[in-house]
Every structure is written in structure tokens, then in C-alpha cells.
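**Q** Residue numbers (my numbering), protein chains in the order written: chain Z, 115 to 350; chain W, 32 to 372; chain E, 2 to 291.
No wet-lab data here; the hints were simulated from the structure. Hints may be right or wrong, so weigh each one.
[What the hints assert, rightly or not] List time: in silico BS3-like cross-link candidates among lysine-lysine, alpha-carbon distance up to 30 Å: (1) E:K31 <-> W:K174; (2) W:K324 <-> W:K123; (3) W:K123 <-> W:K192; (4) W:K323 <-> E:K31; (5) Z:K184 <-> E:K263; (6) E:K263 <-> W:K324; (7) W:K192 <-> W:K323; (8) W:K174 <-> E:K119; (9) E:K31 <-> E:K263.
[What the hints assert, rightly or not] Derived list of chain E stretches under chain W, where covered just means 3 residues or more per stretch with a C-beta under 8 Å from a C-beta of chain W: (10) 76-90; (11) 96-110.
Even for Gly, the Cβ is constructed at its ideal location relative to N, Cα and C.
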Amino acid sequence: MTALQMREVDAAYGPTMVLRAVTLEVEDGGIVALLGANGAGKTTTLRAICNMGVRTSGQIVFGGRRIDGKPTEDIVRAGIGHVPEGRGTFQSLSVDENLRLGSYLRRDRNVARDLERVFGYFPVLRQRFHQQAGTLSGGEQQMLAIARALMSRPRLLLLDEPSFGLAPILVQEIFRILKVINQEERMTMLLVEQNARLALDLASRVYLLETGRVVSSGPSQQIAADESVRRAYLGL
Amino acid sequence: MTAVSVASPIAAGGGRPRIRRGSLWLGALLAIALVGPFVVSGYRVFQLSQVIVYAIALLGLNLLTGFSGQISLGNGAFYAIGGYVAVIVMTKAGLPYWAAPPIAGAVCFLAGSLFGRTATRLEGLYLALATFGLATATPQILKLDALESWTGGNQGIVITKPGSPVTGLINDDQWLYLFCLAVAIALFVIAWNMVRGRTGRALVALRDHPIAAATMGIDVAAYKTIAFGVSAMYTGVAGALGVLITGFISPDSFPTLVSIQFLVGSVLGGIASIFGTLFGAAFIELVPDLAKKASDAAPQAVFGVVLIACMMVMPGGLAGLVYSVRARLARGTIRRHRAES
Amino acid sequence: MQALLHQILSGLANGAIYASVALALVMIFKATHHVNFAQGELAMFSTYMAYELIHAGVPYWIAFFLTLVFSFIVGVAVERLIMRRMQHAPELASVIVFIGLLLAFNGFAGWIFSFTMKEFPSPFASKAWYGTTYLSSHEVGMIGVTLIVLAIVFAFFRFTRLGLAMRAAAENRPSSRLVGIRVGWMLALGWGLASALGAIAGMMAAPVVFLEPNMMGPILLYGFAAALLGGIDNPWGAPIGGFLFGVLENVAGAYLVGSHLKLALALVVIILVLVFRPSGLFGRTVVVRV
Numbered sequence: 115m116t117a118l119q120m121r122e123v124d125a126a127y128g129p130t131m132v133l134r135a136v137t138l139e140v141e142d143g144g145i146v147a148l149l150g151a152n153g154a155g156k157t158t159t160l161r162a163i164c165n166m167g168v169r170t171s172g173q174i175v176f177g178g179r180r181i182d183g184k185p186t187e188d189i190v191r192a193g194i195g196h197v198p199e200g201r202g203t204f205q206s207l208s209v210d211e212n213l214r215l216g217s218y219l220r221r222d223r224n225v226a227r228d229l230e231r232v233f234g235y236f237p238v239l240r241q242r243f244h245q246q247a248g249t250l251s252g253g254e255q256q257m258l259a260i261a262r263a264l265m266s267r268p269r270l271l272l273l274d275e276p277s278f279g280l281a282p283i284l285v286q287e288i289f290r291i292l293k294v295i296n297q298e299e300r301m302t303m304l305l306v307e308q309n310a311r312l313a314l315d316l317a318s319r320v321y322l323l324e325t326g327r328v329v330s331s332g333p334s335q336q337i338a339a340d341e342s343v344r345r346a347y348l349g350l
Numbered sequence: 032m033t034a035v036s037v038a039s040p041i042a043a044g045g046g047r048p049r050i051r052r053g054s055l056w057l058g059a060l061l062a063i064a065l066v067g068p069f070v071v072s073g074y075r076v077f078q079l080s081q082v083i084v085y086a087i088a089l090l091g092l093n094l095l096t097g098f099s100g101q102i103s104l105g106n107g108a109f110y111a112i113g114g115y116v117a118v119i120v121m122t123k124a125g126l127p128y129w130a131a132p133p134i135a136g137a138v139c140f141l142a143g144s145l146f147g148r149t150a151t152r153l154e155g156l157y158l159a160l161a162t163f164g165l166a167t168a169t170p171q172i173l174k175l176d177a178l179e180s181w182t183g184g185n186q187g188i189v190i191t192k193p194g195s196p197v198t199g200l201i202n203d204d205q206w207l208y209l210f211c212l213a214v215a216i217a218l219f220v221i222a223w224n225m226v227r228g229r230t231g232r233a234l235v236a237l238r239d240h241p242i243a244a245a246t247m248g249i250d251v252a253a254y255k256t257i258a259f260g261v262s263a264m265y266t267g268v269a270g271a272l273g274v275l276i277t278g279f280i281s282p283d284s285f286p287t288l289v290s291i292q293f294l295v296g297s298v299l300g301g302i303a304s305i306f307g308t309l310f311g312a313a314f315i316e317l318v319p320d321l322a323k324k325a326s327d328a329a330p331q332a333v334f335g336v337v338l339i340a341c342m343m344v345m346p347g348g349l350a351g352l353v354y355s356v357r358a359r360l361a362r363g364t365i366r367r368h369r370a371e372s
Numbered sequence: 002m003q004a005l006l007h008q009i010l011s012g013l014a015n016g017a018i019y020a021s022v023a024l025a026l027v028m029i030f031k032a033t034h035h036v037n038f039a040q041g042e043l044a045m046f047s048t049y050m051a052y053e054l055i056h057a058g059v060p061y062w063i064a065f066f067l068t069l070v071f072s073f074i075v076g077v078a079v080e081r082l083i084m085r086r087m088q089h090a091p092e093l094a095s096v097i098v099f100i101g102l103l104l105a106f107n108g109f110a111g112w113i114f115s116f117t118m119k120e121f122p123s124p125f126a127s128k129a130w131y132g133t134t135y136l137s138s139h140e141v142g143m144i145g146v147t148l149i150v151l152a153i154v155f156a157f158f159r160f161t162r163l164g165l166a167m168r169a170a171a172e173n174r175p176s177s178r179l180v181g182i183r184v185g186w187m188l189a190l191g192w193g194l195a196s197a198l199g200a201i202a203g204m205m206a207a208p209v210v211f212l213e214p215n216m217m218g219p220i221l222l223y224g225f226a227a228a229l230l231g232g233i234d235n236p237w238g239a240p241i242g243g244f245l246f247g248v249l250e251n252v253a254g255a256y257l258v259g260s261h262l263k264l265a266l267a268l269v270v271i272i273l274v275l276v277f278r279p280s281g282l283f284g285r286t287v288v289v290r291v
């Protein structure tokens with residue numbers, strides 16, 4: 115079952131074209147990584163999916179329905195959780211309030227249970243529950259951002275450079291937890307990363323972007339093993 | 032304001048045909064302007080003169096906005112200063128009427144530069160507030176007892192309006208009109224040259240990229256000072272001419288509404304074209320009289336609605352709207368040419 | 002000593018009005034980074050609506066409530082119809098729109114209702130039990146109503162889901178969209194609430210300053226000074242700034258500068274704050290990245 119499909123998607127900021135004919139697929143329960151150099155268009159791809167600040171043409175299909183051109187709020191309602199570049203936490207609000215905002219759209223009774231589960235993944239959030247989000251460390255804010263996205267019970271989790279600006283130990287921990295989340299909840303993930311090694315480790319499929327085009331794709335072991343790809347794009 | 036290049040659409044030109052067409056329109060306008068006062072009578076001639084005077088004041092405001100990207104809510108103050116300087120020059124110094132506008136302009140240039148210098152650190156909203164403070168303070172300052180010997184206090188001062196030297200051919204009102212027109216043309220030409228010259232380009236760079244300009248060594252403070260100085264100078268000349276055509280001045284002639292009127296005229300006409308400026312000037316001369324028939328407060332209500340509507344629908348003013356329509360038509364012509372060739 | 006106490010308490014009563022206006026200004030500033038210069042005129046216009054209702058025979062508190070609804074709707078309408086279009090416009094364009102709103106509301110009020118001063122009733126009977134030697138019952142009422150309203154507003158923002166969503170939308174629009182908040186409507190609600198706050202200030206002030214189209218001009222200036230004093234982006238600072246400024250204005254007016262220079266005092270406070278401490282007493286300083 116395909117969770118997300120992008121077909122021949124172009125994206126532009128104003129008059130500047132950033133993505134050209136991007137086509138990719140994310141399977142239910144799978145983890146797909148989007149790799150590429152700075153400026154290749156990785157963040158733009160995630161923004162295009164959520165229709166944030168980019169003009170797009172082409173088709174974006176989620177759960178069998180087209181979401182291209184729809185307002186961000188509606189796309190989110192459809193079940194996409196987006197952990198944006200730079201975490202996007204509400205700095206002046208508490209951890210508690212940030213998490214409550216994560217479950218803003220939910221009316222069901224399982225919110226408390228999901229909160230417990232999130233504490234299970236990120237115990238530090240329970241400790242800092244009433245603290246202002248802006249006072250948390252970078253790693254803790256990243257965990258908060260992921261937790262907030264999880265609280266909306268998404269069917270697809272978009273992660274934009276979760277390793278950014280974090281110490282390696284922390285990054286390893288976060289990626290380990292992401293793997294756990296994917297296994298325990300069959301959470302579908304689309305991950306944008308600069309850190310190719312970590313991404314190849316976590317993801318099952320990889321797409322390589324270069325100046326807005328998909329130049330290569332395939333199972334992560336295949337991409338990791340391919341000499342020319344490794345040298346050209348991954349610096350490995 | 033949207034970053035409208037001050038030179039467009041006047042200089043935008045393009046191919047030769049469009050420049051010639053622009054000159055045709057200007058020529059027609061000039062012809063109408065020259066013939067106008069002889070076709071209408073008495074009070075209408077005065078109104079035409081007032082329109083020209085307002086056009087000069089609006090040009091002053093447009094230059095400020097075009098060059099510095101700032102708005103001023105206080106140009107009424109310079110309009111008042113220009114008027115009072117003219118009166119003092121004529122009554123106390125006994126100078127002829129045609130010396131009044133240049134002297135008023137010079138004094139206001141100094142006053143405006145001084146204001147610009149002190150307000151260098153203020154931008155956008157805060158500068159607008161400061162200029163608004165200037166506008167509200169002006170009538171109160173003018174009424175101060177200490178200045179009564181110069182300002183004539185609350186009753187104001189009456190001056191004899193200049194007379195026509197050729198009373199047979201041209202009557203007094205018409206002569207005054209032609210005098211204003213001559214001054215206006217001279218000032219427009221000066222503005223044109225300023226805009227297209229080095230000063231103009233530096234000021235536009237300053238407006239659009241102040242930080243970059245500063246790193247390139249352009250003295251931010253100096254140019255802002257000049258922008259205010261020039262703007263005040265134009266407004267001061269307009270104020271002097273205004274006194275000449277009305278023959279009377281008093282502190283109550285310059286309430287805050289005068290500054291607001293200038294803002295409305297500038298917004299409505301757009302800052303980039305002669306036609307827009309004249310349209311704005313005509314609007315602020317004619318509409319308040321009409322609106323007053325409904326209620327004393329009606330002109331203000333109309334101004335408010337006009338400001339909102341302009342910002343929502345046509346930030347470039349009426350001239351901007353006309354220009355964009357013409358541009359769209361022109362693109363249509365080009366496409367058709369390409370298709371045919 | 003007695004006179005000083007009287008000035009202070011009376012200042013607190015005036016401060017109640019400034020507190021409401023200041024909070025309204027801060028609410029809109031936090032959400033949109035614009036200062037709503039038309040806040041006073043909107044409040045005045047709403048107060049005229051109250052006047053008309055009362056003179057049509059509607060009991061005071063019902064008219065009060067209906068006026069709140071009216072001003073809420075007007076605020077929402079202004080945001081949805083006008084301010085929304087100005088989202089991507091340069092800042093000065095928005096300033097011009099605010100000036101336009103100010104002129105329009107003031108002008109239409111003068112046109113429709115004329116400039117003659119009118120008496121506006123106070124719901125607090127002049128010899129009521131809570132009147133004291135230092136404060137008239139209306140002044141006590143002003144403080145009381147303001148405190149109750151402030152409490153309700155703060156509870157709303159702190160404890161309700163909608164209040165949380167509005168705070169989120171004011172702080173970070175993209176992240177708010179990503180949790181499904183309809184940011185546009187949150188802004189509209191903010192405007193509606195701010196308008197209602199302004200209307201309350203107007204209805205409290207009118208019995209004292211008399212109802213006429215220009216009544217809110219000075220009050221807006223004081224409210225703005227108070228908001229700046231408390232920190233233009235700090236909702237707690239606003240009411241504190243309001244009460245503080247009320248006392249300051251009264252005490253300075255009585256002992257230092259004389260009552261006809263109160264407006265000048267407000268201007269001085271504004272300039273001092275902007276020049277020396279733009280973030281006010283409690284606000285946050287903002288650094289502009291080149």
C-alpha cells in the first residue's frame with residue numbers, strides 16, 4: 115500500500131524554480147530518505163507536500179486522495195505530521211502546551227494514553243513537562259518537535275533534518291528512537307537528511323536529489339554499495 | 032509603499048513610439064492648462080490655481096516617499112511655514128510677490144533638513160508618528176502669544192493679492208494662475224532631473240537597500256536629510272503660492288487635516304506620474320467641497336475610505352492602475368506581433 | 002496626604018481604561034506586529050451603538066452585552082475583509098490603512114451622530130454603597146469591571162484550547178498551520194476580542210469624558226503610552242502599564258506639569274520609551290538580523 119505518491123511535481127518560490135518533475139513513493143510502514151547536497155531541494159519537497167510557501171504543479175497523492183494545492187491545515191488534518199527544519203517548537207509555551215497543540219485536532223479519548231507512550235520514547239519530556247520550550251536544549255527541542263508531531267496520530271511523519279545542530283550521541287539516540295517508533299507503530303516516515311550514513315541506516319529506500327531533480331533511487335543497501343553514487347553524492 | 036521605481040512610468044518608455052505618445056499627452060495637458068483659465072470664470076480660476084498649488088505640494092510628498100520610502104504625515108507644517116514666510120517677506124520686508132516662493136522654499140529646505148537630521152534614527156511607523164506630531168503641533172505653535180507679532184495671531188493676516196501687469200488682456204486671477212503654472216512647470220522639470228540623475232539613483236538605492244547602501248559608504252543620514260529638505264522645500268513653495276492666491280493666512284488654515292489631505296492626494300494619485308499628481312490634487316481640492324454638503328465630517332470619512340481602498344486595490348495609485356492596464360495591453364500587442372511575424 | 006491618595010486612587014480608575022486599551026493594542030501587536038491606530042475610533046463607534054441601544058429603551062447591561070457582540074463582529078470583519086489583504090504588503094501600506102480606518106470611523110461617527118456631546122449613563126448609581134470619599138462609585142465600578150474582564154481574558158488564553166491556539170498562532174504561524182490551526186481565523190478572533198475590549202473601555206470612559214466622536218483620541222494615546230511602557234509584546238505588561246500610567250498621569254498632572262499638559266506627558270513617555278528602552282519594562286528586545 116502506498117502512503118504517499120508524488121508525480122512529476124514542480125515547485126517554485128515566486129519566480130524561482132526549485133523542484134523539477136520530482137517523482138517519489140513512500141510505502142505504508144516504510145521509511146524513505148531524501149538525500150542530497152545543500153540546496154538540492156530536500157526541504158522544499160517536504161514543504162511542497164504540506165503546501166507551505168511554495169507554488170506547485172503536478173500531483174501529490176496521500177492515502178488515495180490528492181492533496182496538492184490544499185491548505186496546509188487540511189493536509190495536516192488528513193494525517194500528515196511535519197517536524198520542520200529548525201524544530202518549529204513554540205518557544206514561549208511550555209512542553210505541556212506544545213504537546214497539547216500537537217493533539218489540537220484530536221477529539222478522541224486516547225490522547226492521555228498517547229502522551230504516556232510519547233513519554234516512553236522521550237522520558238526527558240516528562241521531566242520538563244512544565245518548562246518553557248525555549249529553555250530546552252537543542253536535542254530536547256528536537257525530541258519535543260517529534261513528540262508533538264506524534265501526538266496528532268499521523269499516518270505519515272515528515273522529518274526535516276532531525277540531526278541538524280545536534281551532538282552525535284544525541285543524534286544516534288534520536289535515530290534509534292525513530293526506528294523503534296517505526297517498528298512499534300508501523301509509522302510511515304519520509305526523512306530529509308544531510309547525514310547520509312544515519313539516513314541510509316534507518317531508511318529502507320533512498321531518493322537522491324540534485325538541483326531539484328531526482329537523479330537516483332533505490333533500496334538503501336543498493337545506494338550505499340554503489341561506488342559512483344557514494345563518491346558523487348554522499349561523500350562516503 | 033510598494034517599491035515603485037520613481038522614474039517609471041515616465042522614463043520607462045521602451046521603444047520610441049511610447050515616448051512620443053507620452054510627450055503627446057503632456058503637450059495636450061499643457062495646452063489645456065494654458066487655455067483653461069480663459070475659458071472659465073472667477074472662482075473656477077481660483078480653484079484651478081489651488082489645484083496647481085496642491086500638485087506642487089503633492090510632488091514634494093511624492094519625492095520624499097519615492098526617495099526615502101517613508102511617509103510623512105506632517106507636510107502641512109511646511110505648507111504653513113511657507114505661507115507665513117511669504118507673508119512676512121511681503122509685509123515686513125516689503126519684497127515683491129515673486130520673491131516670496133523662492134525664499135519660502137529656501138527656508139523650508141532648511142527646516143525640512145533640520146527635521147530630517149533629528150529624525151534620522153526613526154523609520155517607518157515611528158517616523159510617521161513623529162511627523163504626525165509635527166502636524167498636530169503646528170496650529171498650536173502658530174497660536175502661541177509669543178509669535179503673535181509675526182503670525183498675526185488668531186485673526187490672521189490679510190495681504191493684497193498681486194495684480195496682473197496686463198490688466199486688459201489677463202485679469203488678476205488669471206495672472207496668478209499663470210504665475211503658479213510657471214512655478215509648477217519649473218519645479219516639475221527640476222524634480223525630473225533630480226530623479227534621473229545620480230542623486231536620484233543613490234536615493235533609490237538607499238530606499239530599497241539601506242543596509243547595503245550604508246556599507247557602500249553612502250551616508251544614510253545625509254540622504255534622508257536631503258530627502259526631507261527637498262520635500263519641505265516643494266511644500267513650502269506651495270504654501271507661499273497658496274497664500275498669494277487666497278490673500279489670507281491664519282493658524283486655523285493649517286489643521287492636521289491638511290497633512291492628511293496631502294497623504295490622500297499622494298496615495299490616490301500614485302507617486303510616479305504627473306497625471307497622477309494632478310488627479311490627486313484635483314481630488315483634494317474638489318471633493319471636500321462636495322462632501323461638506325452632506326456633513327462637516329463627510330470629507331474625512333471619504334478620505335478614510337479612499338486610503339483604505341487604494342491600499343487594498345491599487346497600491347500604486349490611479350496612475351499605477353492605468354500603467355498596469357497599458358502594460359497589459361502592450362504585452363497583448365507584442366504577442367500578436369510575434370504570432371503574426 | 003489625603004489629596005495625594007485621592008490622586009493615586011483616581012489615577013487607578015483612569016488606569017483601568019488605559020489598561021483595557023493597552024491590552025487591546027498588545028493583543029493585535031502580538032498577533033500581527035502592527036499597532037492598531039484605529040482602536041480608539043472603533044471603540045468610540047461601538048460606544049455610540051451602545052448609546053443608541055440604551056436610548057431605544059434597552060436596559061443598560063443588555064445593551065452593554067450587545068455592544069460587545071457588535072464590536073466583536075466589526076473587529077472580525079475588519080480583519081477578514083481588509084487586514085487580510087494587507088498581509089504581504091509593506092509595513093507602511095498597513096500604516097496607511099490604519100490611518101484610513103481611523104479617519105473613516107471618526108468621520109462616519111461625526112456624520113451619522115453629529116459632533117454634539119452627549120451624556121452617557123453609568124450603570125453604577127452615584128450614591129451606591131461602594132462609593133467612598135476617595136472614589137466615586139463609577140470609578141470603583143470602572144476598576145471592578147476592568148479587573149473582572151482582565152481575569153476572564155487571561156483565563157481564556159491560559160486555560161482554553163482556543164486560547165492556546167490563538168497564542169500559538171500569534172507566536173509562530175507556520176508551526177501553527179502544521180498542527181492544524183486555521184491561523185487566519187485566529188487572527189480574526191484576536192481582532193474581535195481586541196475590539197470588544199476597546200468597546201468596554203469606551204463605555205466605561207464615556208460617562209466621564211462625554212460621548213463625542215473625538216473622545217477616544219487622548220485615551221488611545223494614553224493607552225499606547227501604557228502599552229509601550231509595559232512592553233508592546235507583553236500581555237501582562239499592558240494592564241500593569243495601564244494602571245501605572247493612570248497614576249503617573251494624575252500625580253504628575255496635579256503636582257508637576259499641570260493638567261493641560263497631560264497629553265504632552267504621554268508623548269514624552271512614548272518618546273522616552275522608544276529611545277531608551279523600546280521593549281518597555283517587561284517586553285523582550287528584538288535583534289534584527291542583517
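**Q** For each hint, tell me whether it holds in the structure or not.
**A** Now for the hints, and whether the structure bears them out:
no.	hint	verdict
1	E:K31 <-> W:K174	violated, 40 Å
2	W:K324 <-> W:K123	violated, 39 Å
3	W:K123 <-> W:K192	holds, 16 Å
4	W:K323 <-> E:K31	violated, 39 Å
5	Z:K184 <-> E:K263	violated, 53 Å
6	E:K263 <-> W:K324	violated, 36 Å
7	W:K192 <-> W:K323	holds, 27 Å
8	W:K174 <-> E:K119	holds, 29 Å
9	E:K31 <-> E:K263	holds, 28 Å
10	76-90	holds (count 4)
11	96-110	holds (count 14)
Hint compliance for this structure: hints 1, 2, 4, 5 and 6 are broken, all remaining hints hold.
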